[in-house]
Amino acid sequence: MVNIPSGLVTFFVRLSALSTLIRFIQLALVLAFVGTAAAEQPQRTIIVLGDSLSAGYGVKVQEGWVSLLAKRLASEGYGYRVVNASVSGETTQGGLARLPRALQTHKPAIVIVELGGNDGLRGLPLAASRENLRKTIELSLAARAQVVLVGMVIPPNYGQRYGQEFRDMFATLAKKQSLAFVPFFLDNVALEPKLMQADGIHPNAAGQPQMLENLWPKLKPLLVAPGKP
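For the sequence shown, the numbering used here begins at -4 and goes up steadily by one.
No more than 30 Å apart at the CA atoms, straight line, and that leaves these computed lysine-lysine pairs for DSBU-like:
| no. | residue 1 | residue 2 |
| --- | --- | --- |
| 1 | K102 | K55 |
| 2 | K66 | K102 |
| 3 | K130 | K170 |
| 4 | K66 | K189 |
| 5 | K55 | K213 |
| 6 | K213 | K171 |
| 7 | K215 | K130 |
| 8 | K66 | K213 |
| 9 | K215 | K66 |
| 10 | K130 | K171 |
| 11 | K215 | K189 |
| 12 | K215 | K171 |
| 13 | K55 | K66 |
| 14 | K170 | K102 |
| 15 | K189 | K213 |
| 16 | K102 | K171 |
| 17 | K213 | K102 |
Simulated DEER-style distance windows between Cβ atoms:
| no. | residue 1 | residue 2 | range |
| --- | --- | --- | --- |
| 18 | E71 | P178 | 19 to 27 Å |
| 19 | Y157 | G84 | 19 to 27 Å |
| 20 | G72 | R117 | 38 to 46 Å |
| 21 | G154 | A200 | 26 to 34 Å |
| 22 | K102 | P150 | 36 to 44 Å |
| 23 | N183 | P216 | 19 to 27 Å |
| 24 | R96 | K66 | 20 to 28 Å |
| 25 | A166 | I196 | 18 to 26 Å |
| 26 | E187 | V56 | 19 to 27 Å |
| 27 | G84 | E126 | 18 to 26 Å |
| 28 | R93 | L116 | 14 to 22 Å |
| 29 | P221 | Q159 | 35 to 43 Å |
Hints in this document: simulated from the structure, not taken from any laboratory. For clarity, every value in this text was computed on a predicted model and none was experimentally measured. Cβ coordinates follow ideal geometry from the N, Cα and C atoms, glycine included.
Could you put together the complete structure from these sequences and hints?
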């Protein structure tokens, strides 16, 4: 039987313990780094700049499509918060005036522009509406935000020419800037009485999910996939 000096045994025991301690410290440092990196990743923001259709006129806040969007993003693991900067009765001019402060405050990754319906319903000059939307888009892009432009259609009683020019206004702006574009926000909603409020203009709670479905296919490609920095 070989006798190993007690001092050598003690040395190897201490060496083994030191090796274990070093591995533990290395693991702790890795976990701390990962945790810190995750904590330092800013949560991305989506701003919805809209009118009563996005402000949730006539429905509870939690029933509106913007709230449904926030819930969907969370349920699918997307790291976004949604800021609803919509005001009932808003025009393109009003939205443009409020945008700079919203961009400065929230520094959004995405801006959803849902404006123009009230301009059309009031019969405002489309040249001014077009210019307001153009500036809204350019300000958002200059702030390094991606833009989703939401289009609208007005009733035919405003005249065929005005109605067509109104509708084309959105498509032209979207094409020029290569934007994600929803041609008609109330598609499969506006002509369904069961999905509309009594005024025939605003969707009810039952119509809100379809509005989100109209938007989602255009928004989703702009989102950073869950788990990616």
